[in-house]
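Trainee: Letter by letter, the chains look like this.
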Amino acid sequence: MIVNISKVLQESNLIDEFIKNEVDSISPERLATKPNPETWSIIEVIQHLNLVSDLYYPRFESAIKKLNTQAFEGEIADNQKVSWIAGQLANMMKPKGNKRKLKMDTFDFFKPERAQLDVEKILNTYKDNRAKLNHYIKMSRKPIARRVVVTSAIKLLKFTLPGAIYWLLSHEQRHIIQIQEIQFFVQKKEVV
Amino acid sequence: MLKSVFNTYETLSEEALDFLVSKFEVKDYKPHDFTLEAGRVEKHFYIVISGVAMIYLINRNGERVVLGFSFDNNVSGVYDSFLKGTPSVLFLEAISSIKVLAISRDFYLDFFKKFPEMMKWRALFFEGILLGRLSRESELLTLSAEERFLSFMERCPEPLLQIPQKYLASYLNMKPETFSRMRSKKR
Numbered sequence: 001m002i003v004n005i006s007k008v009l010q011e012s013n014l015i016d017e018f019i020k021n022e023v024d025s026i027s028p029e030r031l032a033t034k035p036n037p038e039t040w041s042i043i044e045v046i047q048h049l050n051l052v053s054d055l056y057y058p059r060f061e062s063a064i065k066k067l068n069t070q071a072f073e074g075e076i077a078d079n080q081k082v083s084w085i086a087g088q089l090a091n092m093m094k095p096k097g098n099k100r101k102l103k104m105d106t107f108d109f110f111k112p113e114r115a116q117l118d119v120e121k122i123l124n125t126y127k128d129n130r131a132k133l134n135h136y137i138k139m140s141r142k143p144i145a146r147r148v149v150v151t152s153a154i155k156l157l158k159f160t161l162p163g164a165i166y167w168l169l170s171h172e173q174r175h176i177i178q179i180q181e182i183q184f185f186v187q188k189k190e191v192v
Numbered sequence: 193m194l195k196s197v198f199n200t201y202e203t204l205s206e207e208a209l210d211f212l213v214s215k216f217e218v219k220d221y222k223p224h225d226f227t228l229e230a231g232r233v234e235k236h237f238y239i240v241i242s243g244v245a246m247i248y249l250i251n252r253n254g255e256r257v258v259l260g261f262s263f264d265n266n267v268s269g270v271y272d273s274f275l276k277g278t279p280s281v282l283f284l285e286a287i288s289s290i291k292v293l294a295i296s297r298d299f300y301l302d303f304f305k306k307f308p309e310m311m312k313w314r315a316l317f318f319e320g321i322l323l324g325r326l327s328r329e330s331e332l333l334t335l336s337a338e339e340r341f342l343s344f345m346e347r348c349p350e351p352l353l354q355i356p357q358k359y360l361a362s363y364l365n366m367k368p369e370t371f372s373r374m375r376s377k378k379r
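If you're matching them up, the sequences are chains A and B in order.
Quick note: the first sequence, position 118, residue 118 per our numbering, numbers continuous.
In our numbering, each residue carries its 1-based index in the second sequence increased by 192.
Keep in mind that the hints are not guaranteed to be accurate.
Claimed, not checked - 20 Å max Cα-Cα, derived SDA-like pairs, lysine to any residue:
#  : chain 1 : residue 1 : chain 2 : residue 2
1  : B       : K276      : A       : N21
2  : B       : K367      : A       : N4
3  : A       : K127      : A       : M139
4  : B       : K276      : A       : F72
5  : A       : K81       : B       : R256
6  : A       : K20       : B       : F274
7  : B       : K358      : A       : A77
8  : B       : K367      : A       : D78
9  : B       : K222      : A       : F72
10 : A       : K132      : B       : R232
11 : B       : K276      : A       : L14
12 : B       : K235      : A       : P143
13 : B       : K276      : A       : N4
14 : B       : K222      : A       : E22
15 : A       : K127      : B       : R232
16 : B       : K235      : A       : E17
17 : B       : K235      : A       : I15
18 : B       : K222      : A       : F18
19 : A       : K20       : B       : K276
20 : A       : K81       : B       : K276
21 : B       : K367      : A       : L14
22 : A       : K132      : B       : F226
23 : A       : K132      : B       : K367
24 : A       : K94       : B       : N253
25 : A       : K81       : B       : N253
26 : A       : K94       : B       : K276
27 : B       : K235      : A       : F18
28 : A       : K96       : B       : N251
29 : B       : K235      : A       : A131
30 : A       : K20       : B       : R232
It should be emphasised that the hints constitute simulated quantities derived from the structure, not laboratory data.
Only chain B is shown next, with the shape it has when bound in the complex:
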């Protein structure tokens, strides 16, 4: 798994792979366990082996606003807190039982010092995150609820079809009833 994730943009040397294998550890979380609580500093970078986690914040009205999901083979974590070492405003919570590979911040930073050629991976990975966020922001600001729903359903990965609709509705900035109505209409 580490090979498939880190080989995405740059071929991982055997030495670099050995380093990652020795530093990543397996962690298990039960449904509704937090991998990160808001107010704490993210100290790990994760790769999801199985299960679904969601990233969200609580807005001023006390409502949960879902920003994204991570599932099988995805990289996961709260990157702003991880990179800056400051308390997060986001929660990362397991929706189902999840198994992840986790590497601590120190070993993560050490990895790029030891293997500078992998900086290309790091740059392209965060470029991907940035492009994804920009595309999502444009969708939220310009598309109607129905267009957002249809666009999402076109690209919706299988694991997300299994999670409660209320989380998907929040991600698409619509009421659960609206999401449910559109889903029934599509079927």
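Chain A with its partners taken away, still in its complex shape:
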């Protein structure tokens, strides 16, 4: 499957805009409000995204270190080939319009802590992680990015950097829809 990395960057930037325009203005209390006891609050969704980043980013770094950094200079390969399985997994995650298809449970190690969450810290970490993701997306425009290979959360499965960032973005887009849904339910609950 071919993924256009510039398009991935464009979609990732739109998430930054969403966070800046829609999430930054939400009060810490509302960010921590659950629509019901079984579902996540917005900040728990964001904490989940941070946990996913915590797993992948150090793996990216150690895989990148194995290559010559100069290899990331020079020409651009905007259309990157990603493995069939990486493409399928990403497309399963990717929302269709504003709908999350195939709702699924996550791994235990990706579940946010039930303890009191530090809203501000989590949000700031998430913003740092977003900047890092955009950095990895830009790195994925280089032909050499296909040689950066990391193990996914499913240990037997490996992703190249372009495959991984495509999966990460699709996964995040899914959770952005979830954030919008929570925001809607919490607002509705307050009005009622």
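Starting from the known structure of chain A, fit chain B onto it as the hints suggest.
Mentor: What follows is chain B alone, placed relative to chain A:
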């Protein structure tokens, strides 16, 4: 440089020039750096000192569609996003190393408030952009690939002859091989 750009349609007063000199800053970009990424809001208005930048979007098939170039002494930027303050669908990318003068949106708008006589420059500048876009749209819709190529080569500025052909081919809505064949034929 600021004088030559802003004196195009209206004489720039010394006071207005001083304002621009104090607000424009020099920025450098390496080849393939973005001056603006799609999905972000354009916050600057640029004048290219040296180098070439291209403006493009990615279409639904994941192909790059080049809309234009800016090079030495050209004004540059993604104007729709700049004027509306909304995320852009366009990328502005350095093809070579580029040096630009950049002014922020706030200072740009402030300039026309402080020096209303320069509104004539602004109107004529955007009129020029509009006429250019209309002429390009007509060429794309009515001329054959060969006619588009010949028309472009007649007016092609020197800096654009140095950039990879694939970008020029995309700008002319043709395959790089077609562009290359026509270029060899012309030589």
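Trainee: Indicate, hint by hint, whether the structure satisfies it.
Mentor: To see whether the hints hold, each was checked on the structure:
1. B:K276 to A:N21: Judged against 20 Å, a Cα distance of about 15 Å means the pair holds.
2. B:K367 to A:N4: Status holds; Cα separation ~18 Å.
3. A:K127 to A:M139: holds (19 Å)
4. B:K276 to A:F72: Roughly 35 Å between the alpha carbons, so the hint for K276 of chain B and F72 of chain A is violated.
5. A:K81 to B:R256: holds (16 Å)
6. A:K20 to B:F274: At roughly 18 Å apart (the allowed maximum being 20 Å), F274 of chain B and K20 of chain A satisfy the hint.
7. B:K358 to A:A77: holds (13 Å)
8. B:K367 to A:D78: holds (17 Å)
9. B:K222 to A:F72: holds (13 Å)
10. A:K132 to B:R232: holds (16 Å)
11. B:K276 to A:L14: Given that 20 Å is the threshold and the Cα spacing comes to 16 Å, the pair holds.
12. B:K235 to A:P143: violated (30 Å)
13. B:K276 to A:N4: Violated - the C-alpha atoms of N4 of chain A and K276 of chain B are around 27 Å apart, more than 20 Å.
14. B:K222 to A:E22: Since the Cα atoms of K222 of chain B and E22 of chain A sit roughly 33 Å apart, the hinted pair is violated (cutoff 20 Å).
15. A:K127 to B:R232: Status holds; Cα separation ~15 Å.
16. B:K235 to A:E17: holds (14 Å)
17. B:K235 to A:I15: Holds. K235 of chain B to I15 of chain A sits at ~18 Å (cutoff 20 Å).
18. B:K222 to A:F18: Answer violated: K222 of chain B to F18 of chain A is near 29 Å, above 20 Å.
19. A:K20 to B:K276: holds (17 Å)
20. A:K81 to B:K276: violated (36 Å)
21. B:K367 to A:L14: violated (31 Å)
22. A:K132 to B:F226: holds (16 Å)
23. A:K132 to B:K367: violated (35 Å)
24. A:K94 to B:N253: Since the Cα atoms of K94 of chain A and N253 of chain B sit roughly 17 Å apart, the hinted pair holds (cutoff 20 Å).
25. A:K81 to B:N253: holds (14 Å)
26. A:K94 to B:K276: Outside the cut-off at roughly 29 Å; violated.
27. B:K235 to A:F18: holds (17 Å)
28. A:K96 to B:N251: Roughly 18 Å separates the two Cα atoms, so the pair holds.
29. B:K235 to A:A131: holds (18 Å)
30. A:K20 to B:R232: Cα-Cα ~11 Å, so holds.
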